[in-house]
Amino acid sequence: VVVHNAAFDMYALRDACWASEVQYPPMTYADTLVMSRRELALISYRLPIVAEALGVSLPQHHRAEDDAAACAGIMLALAQRRGAATVNELAEGLHIRLGCLNPDSEGNLTCYARPLGSHGGGPRPDAPDANPNADPEHPLYGQVMVFTGALALTRTEAWDWAASVGSQPEENVTKRTTILVIGNGFQGDSMEDFQTGKAKKALALLEKGQQIEVMTEEQFMESLGDATSPSM
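Residues are numbered in the working numbering as their position in the sequence shown, beginning at 1, plus a constant of 229.
Each hint should be verified, as a subset may be incorrect.
Subject to a maximum C-alpha distance of 25 Å in a straight line, what follows is the list of computed PhoX-like cross-link-like pairs (lysine-lysine) [said to hold, decoys possible]:
id : residue 1 : residue 2
1  : 437       : 404
2  : 404       : 429
3  : 427       : 404
4  : 404       : 430
5  : 427       : 437
Everything labelled a hint here was simulated from the structure, so no lab data went into it.
All chains, please: the whole structure from these sequences, using the hints.
Structure representation (structure tokens):
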């Protein structure tokens, strides 16, 4: 199975099965979001942005059939770039472990790419420290995150959520920043959305060689997966 953003899709599948009181199916899956982050230098890894970068057709984002076809097209395009004949071969070439969903919840493995390096330095004052006991295989683990614009969460809540999964939240964008979460209803579905404000600044940093990604608030919440509320 191939998905784009398994942190959302796999937990949604599991929750649906639990709610329906049916056993969820065993499967191995690849996440084109994880693979794209490893292979491509983009300002965002939302499905429309990755599809555009690889020349993959996406007639209507959020229409299930079109999203599924685009996800498959992204996988094929990545495989072609790497000269890989199979999904397993592509995953091995990108140093990514495929995910595994088992009826025994204790046996689940996430699709995971190991960090390519640490970002050094210390946290800014007043920002909570990253949780030292967080799962190192969480997709946000080890990231340095900055939040900007109006969010549904308070800034403190956003910081606490980020820190709980092993990210280091900070107040301002610096050379350490690896993820910028933009509120104010920012969508980021096309490159035109990155030509103003904080998104434009992040794009300029990317063009200078900084490894930085822009997320919407929705993407951030989806990336948390089944993380336990930091208030618990």
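Outcome of the hint check:
For the proposed pair residue 437 and residue 404, the alpha carbon gap of about 11 Å is at most 25 Å, so the pair holds. For the proposed pair residue 404 and residue 429, the alpha carbon gap of about 15 Å is at most 25 Å, so the pair holds. The suggested pairing of residue 427 with residue 404 holds, with an alpha-carbon distance near 14 Å, which does not exceed 25 Å. Note on residue 404 and residue 430: the hinted pairing holds, with a Cα-Cα distance of about 12 Å set against a maximum of 25 Å.
Annotation: proposed proximity of residue 427 to residue 437 holds, straight-line Cα distance about 15 Å (limit 25 Å).
Checked against the numbered hints above, the structure violates none of them.
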